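Visitor: Below are the chains, spelled out letter by letter.
Protein chains: 2
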Amino acid sequence: MKIALLGMGTVGTGVYEIINEEKGNYFANAQEKVNIKKVLVRDKKKKRKLDVPDDMLTDSFDEILNDEEIETIIFAMGGMEPEYTYMKEAMKSKKHVITANKAVVSEYLDTLLNLAEQNDVMFLFEASVGGGIPIITSLKETLKINRIDEIKGILNGTSNFILSKMSSEGRDFSQVLKEAQDLGFAEADPSADIDGFDVSRKLAILSSLAFGCHIKDEDIYKRGIREVSKSDMEMFDNLGYVLKYLAHSKMESDNYCATVEPVLLSSKNIMSNVNEEFNIVSIHGNIIGELQFYGKGAGKNATANAVVGDLLYIINNENKKEDISLDRIMENRKLDAFKGKYYMRIDIKNHEEFKNIIDMVDEISKVKKMMVEKSQIFVVTEELSAYTVNDLAQKINESGNSLFYARIVE
Amino acid sequence: MKIALLGMGTVGTGVYEIINEEKGNYFANAQEKVNIKKVLVRDKKKKRKLDVPDDMLTDSFDEILNDEEIETIIFAMGGMEPEYTYMKEAMKSKKHVITANKAVVSEYLDTLLNLAEQNDVMFLFEASVGGGIPIITSLKETLKINRIDEIKGILNGTSNFILSKMSSEGRDFSQVLKEAQDLGFAEADPSADIDGFDVSRKLAILSSLAFGCHIKDEDIYKRGIREVSKSDMEMFDNLGYVLKYLAHSKMESDNYCATVEPVLLSSKNIMSNVNEEFNIVSIHGNIIGELQFYGKGAGKNATANAVVGDLLYIINNENKKEDISLDRIMENRKLDAFKGKYYMRIDIKNHEEFKNIIDMVDEISKVKKMMVEKSQIFVVTEELSAYTVNDLAQKINESGNSLFYARIVE
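In order, the protein sequence lines correspond to chains A and B.
Heads up, the first sequence is in this note's numbering, so the first residue is -3 and it goes up one at a time.
Heads up, the second sequence is in this note's numbering, so the first residue is -3 and it goes up one at a time.
This is chain A alone, in the form it adopts within the complex (with noise of 0.2 Å):
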């Protein structure tokens, strides 16, 4: 099969190296023999550190489109356009389209897929979702037998090494974002990781493919963890709890909620101790009961990985129709199928505020476990929904203190 390439990041790189340098073993399996025909570039001139040959390089993807030998694409692309109009041409043009764009992927879902059977081509995109753990194929497989009805998901390396660092090492926020920025870990805008985009783009997809219903980004409540502190990480250490920045999503009949936040689990879940660049993916099936995925989120060799693995499904299924409909009509109802026990650091902006603030805790729990250090209030409260305590926090910042919130999540 004739392939082109999109792309010569750091994915495309992993792709060619796995594919042309032989660097992995899917030839000895593959019941067809894979050439890549064309790299699209933006410069056809800049070096590069892998030696791609002169006359595969193009910068035109018209080419690409035209080339009737080439039956694949493969994007290797970040951005949002014009990734969806190649897309789009490329399954018209009766090309099989692989990618690892969850941007695209998490907004266009439905229309690609449908594009994509209605050209009889495949759509493939497992890089888009959690690196190199192979979650899509593993949905799409427990689809087939079971209902699944939640899913949890650590899925954001960055966020996950500034939580994992702050609490391991008892450091600031900042100062830890700061590092991962140095390490190339953080972007120079970080907000994509840690007030959840990244994430949440993810489990519109995982949760779209689960439920049978478009779900996208928007569709997604998302807080951040900008406001963790030192001292949060402390008293989670103290209450045996881990933060983690979870992505959940629950389906119920004809509705579904899907947040982004951060969470508190017992240090005795298996989700604690995933650290640094991991990502962990858990499913819940009506027949299978729990299963959960662990391994590489993101990087080169992980991500081409998985690209390879989808290029490999269409050689050894062609002709073959895969079955996903997302046209169920389900409601978002938003946050409210989240309850549970909520953690709250709320900071006073001075002492006589103290009364008021513990008034307006009191109205909504019963508290179970308090303490008072400083200027600051550490409350656990009883099992609350998520409604009553986002009230709460809007209340509380209004009153002119502030107040971060985290569920427990047992």
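For the record, the hints were derived by calculation from the structure and aren't laboratory data.
Everything numeric in this text was worked out from a predicted model, so none of it was measured.
Please note: incorrect hints may appear among the correct ones.
Stated by the list, open to error - The list that follows gives simulated cross-link-like pairs (lysine-lysine, DSSO-like), each with its CA atoms no further than 30 Å apart:
id, chain 1, residue 1, chain 2, residue 2
1, A, K218, A, K316
2, A, K316, A, K29
3, A, K161, B, K136
4, A, K365, B, K140
5, A, K140, B, K296
6, A, K136, B, K296
7, B, K264, A, K246
8, B, K365, B, K226
9, A, K335, A, K351
10, A, K161, B, K364
11, B, K362, B, K317
12, B, K161, B, K90
13, B, K264, A, K317
14, B, K161, A, K(-2)
15, B, K335, B, K136
16, B, K335, A, K264
17, B, K317, A, K264
18, B, K264, B, K335
19, B, K136, A, K296
20, B, K29, A, K140
21, B, K317, A, K136
22, B, K246, B, K362
Guided by the hints, dock chain B onto chain A, whose structure is given.
Guide: Chain B alone, transformed into the frame defined by chain A:
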């Protein structure tokens, strides 16, 4: 597709429910409707929980074998014979075989795979390892691109239940074993679970596929968990370790090592939080890095889910050859690859032995930590080879004192 089901025990009942009572969603995606035509049972008259139609029941395997309409036979029986003979006959009669039987698979994997190839049928056995965890499928997929050089797994629910309980409740081995037997989690003769034979068969199957060479139960070094005591558990807790019964194999160019042993993991290790009936498997690939898979290791629904998954694979992949070879010639280096710090507890018969024992330990390792309590010595050694420790154990046992030891896996 018409199929036959052999056995109506726990797994057989689960399979029947998913297929015939449409308990699962599988039919929504299967490209072909499945019908159970025959169910083989020992006694057709026996009262069953499930209402199987009389004309579906048979006590004659030949009736199934000679029925040309039956394309696939599901083996939900656990013994060695007549199962092995039946499997061979089934494939020679051009019928696909699916089995949950780890005893037959581990012992005859090579022969059975060859027979499948010769007769152009499939031989699938996802349910034979790790219950509902899709580990065989994931291993095969990973192998298409990676060389797998290490496997670690907690693969036996009974022993894991016993160790989890001993640890969390500070109780003795014999007490907890008795409770597990009363609850029906452990057999009256618990040897297969606590002496390693069950785990070893599962590790044999995984290692054979991963390393490409037929590794059998007898090739695997096994030590049981009978000698673990309450005082060990307290010590592990103090040292920050958790004891797990670990299946562990490693491969290096043309040789391998495989063991089933109690080992110590850091309490920060993901596997440390795998409790009771859950299983976990870790595989390490040269491209993808470490992947871990977690789920229910046994039970009616999880195991039946794996069996029906294999059935769907056959339906969806007709005329596809699997390319699994166990032809590689490898040397079994037994324990040679396993090195680590060791925990030891030595029970001394009388005080005069004390110096003698300390000398024996000193001879092989500068001790890193030592504690003496009544007539017990607790030691954590520096890094040692498994052979050195085995020799020491033998010497100490010969001196009339006794030793329990566990490698620390870091």
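Visitor: Now tell me if each hint is right for this structure.
Guide: Hint check results:
no. : hint                  : verdict
1   : K218(A) with K316(A)  : violated, 37 Å
2   : K316(A) with K29(A)   : holds, 19 Å
3   : K161(A) with K136(B)  : violated, 35 Å
4   : K365(A) with K140(B)  : violated, 53 Å
5   : K140(A) with K296(B)  : holds, 18 Å
6   : K136(A) with K296(B)  : holds, 22 Å
7   : K264(B) with K246(A)  : holds, 28 Å
8   : K365(B) with K226(B)  : holds, 20 Å
9   : K335(A) with K351(A)  : holds, 26 Å
10  : K161(A) with K364(B)  : holds, 28 Å
11  : K362(B) with K317(B)  : violated, 55 Å
12  : K161(B) with K90(B)   : violated, 47 Å
13  : K264(B) with K317(A)  : violated, 43 Å
14  : K161(B) with K(-2)(A) : violated, 56 Å
15  : K335(B) with K136(B)  : holds, 29 Å
16  : K335(B) with K264(A)  : holds, 28 Å
17  : K317(B) with K264(A)  : violated, 43 Å
18  : K264(B) with K335(B)  : holds, 20 Å
19  : K136(B) with K296(A)  : holds, 22 Å
20  : K29(B) with K140(A)   : holds, 13 Å
21  : K317(B) with K136(A)  : holds, 22 Å
22  : K246(B) with K362(B)  : holds, 27 Å
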